[in-house]
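Enquirer: Sequence:
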Amino acid sequence: MKKDVFLCTIFCIALTAYPQGLLQAEENEAVQSNTVAQETTIGAETLSEMSPAKIAEVQGAMAEIRIDDLIKDGLFKNKALINQQALLLPEGRRLDIQGQYRLGYVKPLLFNCLLGFGIGNFINKDRVGGITHMVIDSLAVGTIVTAGSIYLGGGLMYVLLLPALLLGQDDKQVADTFSSIDKTMKISKIIVQTGFGVFLANKLASIISVSVHTSKYNRTLKEALTPAKAEVSIHTVPIIAPNQFGLALSINY
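Numbering that gives the first Met the number 0 numbers the first residue of the sequence shown as 0 and each following residue consecutively.
None of these hints come from the bench; they were simulated from the model.
Just so we're clear, the structure is a prediction, and the values are computed from it rather than from any experiment.
C-beta: ideal position from N, C-alpha, C; glycine also.
Each hint should be verified, as a subset may be incorrect.
Heads up, simulated DSS-like pairs for lysine-lysine below, C-alpha to C-alpha not over 25 angstroms straight-line [to be verified]:
| id | residue 1 | residue 2 |
| --- | --- | --- |
| 1 | Lys-71 | Lys-221 |
| 2 | Lys-78 | Lys-221 |
| 3 | Lys-215 | Lys-202 |
| 4 | Lys-215 | Lys-106 |
| 5 | Lys-188 | Lys-202 |
| 6 | Lys-215 | Lys-78 |
| 7 | Lys-202 | Lys-106 |
Ranges of calculated distance between the beta carbons of each label pair, as one might list FRET restraints [as the list claims (entries may be wrong)]:
| id | residue 1 | residue 2 | range |
| --- | --- | --- | --- |
| 8 | Leu-80 | Glu-56 | 16 to 24 angstroms |
| 9 | Leu-94 | Leu-151 | 56 to 64 angstroms |
| 10 | Leu-80 | Pro-51 | 21 to 29 angstroms |
| 11 | Leu-155 | Val-211 | 44 to 52 angstroms |
| 12 | Ile-207 | Gln-99 | 21 to 29 angstroms |
Please build the complete structure, drawing on both the sequences and the hints.
Expert: See the structure below:
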């Protein structure tokens, strides 16, 4: 009997607590819904209260950030996208961005003239040209150093064998050694001269390539930041009718 009374008591308490918990959950959900609705309403009111000039300013700031990212990602491949974003910017701001990202000539030309190895190309974001000139200069310098070392080694052998030559020893082996050294030194000299020629030619080529790339980059930057203007074309169309003759102008824009 006591067990039945205990179970009935627990059941009644559960029935009493369940609706209260359900009501509390529904109240919390309603409060959250009202909060979200109020935030949405406030956001809409904020946007509606913004003046057209303020909206244009926000759009311009977002477009400027987007243009910066596109230029850093690659000017040439993102030219069309940059041109679309440039429509949202005033002319003065477009000129500022152009001046900010415009490449100079002096610094890369000095590096390519004095140091070489395509350093000036890398400075002006010409990775392909920089790698090309770096590889050619590295091979040329490596060839000069190797052939020059062989040439100097031959000269050292001449110095070591000079006493035997001065003593007038008529040894066929010494003569053959001198002949071999002389031949090696002549070949090494030609290789060194060729290496210097390649190095100088590549230096001249790097000066030209960085100048061409810089000009192309600046021109592309200007075109990307200049919104395309509508082309206007005017054509005359003859009109011939009975007892009438005239011309009509067709304007396309």
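Enquirer: For each hint given before, does the structure comply? Return the numbers of the non-compliant ones in rising order.
Expert: Hints that this structure does not satisfy do not exist here, as all of them hold.
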